[in-house]
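Residue numbers (the numbering used here), protein chains in the order written: chain L, 40 to 152; chain A, 636 to 749.
Among the hints, a few may not be true.
[As the list claims (entries may be wrong)] Think about it this way: if two alpha-carbon atoms lie no more than 27 Å apart in a straight line, the pair counts; the simulated BS3-like pairs of lysine-lysine are:
1. L:K107 - L:K93
2. L:K44 - L:K95
3. A:K646 - L:K76
4. A:K692 - L:K76
5. L:K107 - L:K44
6. A:K692 - A:K650
7. L:K77 - A:K646
8. L:K95 - L:K77
9. A:K692 - L:K77
10. L:K93 - L:K76
11. L:K110 - L:K77
12. L:K44 - A:K692
13. L:K110 - L:K76
14. L:K93 - L:K44
15. L:K44 - L:K76
Hint data in this document are derived by calculation from the structure and do not stem from the laboratory.
Residue-level listing of the chains:
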Amino acid sequence: DQQVKQNSPSLSVQEGRISILNCDYTNSMFDYFLWYKKYPAEGPTFLISISSIKDKNEDGRFTVFLNKSAKHLSLHIVPSQPGDSAVYFCAASNTGTASKLTFGTGTRLQVTL
Amino acid sequence: GAGVSQSPSNKVTEKGKDVELRCDPISGHTALYWYRQSLGQGLEFLIYFQGNSAPDKSGLPSDRFSAERTGGSVSTLTIQRTQQEDSAVYLCASSFQGGNTEAFFGQGTRLTVV
Numbered sequence: 040d041q042q043v044k045q046n047s048p049s050l051s052v053q054e055g056r057i058s059i060l061n062c063d064y065t066n067s068m069f070d071y072f073l074w075y076k077k078y079p080a081e082g083p084t085f086l087i088s089i090s091s092i093k094d095k096n097e098d099g100r101f102t103v104f105l106n107k108s109a110k111h112l113s114l115h116i117v118p119s120q121p122g123d124s125a126v127y128f129c130a131a132s133n134t135g136t137a138s139k140l141t142f143g144t145g146t147r148l149q150v151t152l
Numbered sequence: 636g637a638g639v640s641q642s643p644s645n646k647v648t649e650k651g652k653d654v655e656l657r658c659d660p661i662s663g664h665t666a667l668y669w670y671r672q673s674l675g676q677g678l679e680f681l682i683y684f685q686g687n688s689a690p691d692k693s694g695l696p697s698d699r700f701s702a703e704r705t706g707g708s709v710s711t712l713t714i715q716r717t718q719q720e721d722s723a724v725y726l727c728a729s730s731f732q733g734g735n736t737e738a739f740f741g742q743g744t745r746l747t748v749v
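Starting from the given sequences, assemble the full structure and let the hints guide the process.
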């Protein structure tokens, strides 16, 4: 049972344009959401997070949007840069139980020149 | 060191042999995770330790897999009688308070079973 889903396995975006990565979840108890970036041969690195009490969190070029009613979150990267090319994972947890992070299957972003 | 450390970074083993993978979490982190990533796949959850609570072993794929965390710090993932389908990158992560906070990942151990 995949509780966190990333339905787009890959995405290609031109440099300078906006990249939008999507994530859906099914567990209504999830209240903390994170995005990770992974380069080949490296461990994932934390990018940005959002609590369910918010609907938007921004950090530089990265913004995460949360739509609780739709159980959907998205990561916006603008402007996209070639160095953003990586696999992006979303993750979710239920902070009330300090439960484990549940990850999606990832979306490979390719930023082209 | 300041980050999560995993050893070895690479391991090639013969089918049927046992292997042990080690993870040194960030000091003071109460939560520790093991995930694996097979070629072309996402992050597959294996096991989660949180403080003194019983570990969440729900992701272990078979009874050949086991993990322990001694003294609330270092963790060892053991795979007995390895099979070719066990070949993957095994990733360890730790966090300060479990799912309440972001997890920091190690570089992973690439396991190849031949």
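These are the hints, each one checked on the structure:
Between K107 of chain L and K93 of chain L the alpha-carbon distance is near 9 Å, which keeps this suggested pair within the 27 Å criterion. Between K44 of chain L and K95 of chain L the alpha-carbon distance is near 20 Å, which keeps this suggested pair within the 27 Å criterion. The straight-line distance between the Cα atoms of K646 of chain A and K76 of chain L is roughly 25 Å, inside the 27 Å bound, and the hint therefore holds. Proposed proximity of K692 of chain A and K76 of chain L is supported: the alpha carbons are some 25 Å apart, at most 27 Å.
At roughly 15 Å between alpha-carbon atoms, K107 of chain L and K44 of chain L fall within 27 Å of each other, so this suggested pair holds. For the hint linking K692 of chain A to K650 of chain A, the alpha-carbon distance of about 24 Å falls within 27 Å, and the restraint holds. A hinted pair counts as satisfied when its Cα atoms are at most 27 Å apart, and K77 of chain L with K646 of chain A qualifies at roughly 21 Å. Proposed proximity of K95 of chain L and K77 of chain L is supported: the alpha carbons are some 23 Å apart, at most 27 Å.
Pair hint K692 of chain A plus K77 of chain L holds up; C-alpha atoms about 25 Å apart against a cutoff of 27 Å. With a C-alpha separation of about 22 Å, the suggested pairing of K93 of chain L with K76 of chain L holds against the 27 Å cut-off. Only pairs whose Cα atoms come within 27 Å are accepted, and K110 of chain L paired with K77 of chain L is accepted, the gap being roughly 24 Å. This hinted pair checks out: K44 of chain L and K692 of chain A have alpha carbons roughly 21 Å apart, not beyond 27 Å.
Taking the CA atoms of K110 of chain L and K76 of chain L, the gap is near 21 Å; set against the 27 Å cutoff, the hint holds. Between K93 of chain L and K44 of chain L the alpha-carbon distance is near 21 Å, which keeps this suggested pair within the 27 Å criterion. Distance hint between K44 of chain L and K76 of chain L is fulfilled; the C-alpha atoms sit about 16 Å from each other, no more than 27 Å.
Comparing the model with each numbered hint stated earlier shows that all of them hold.
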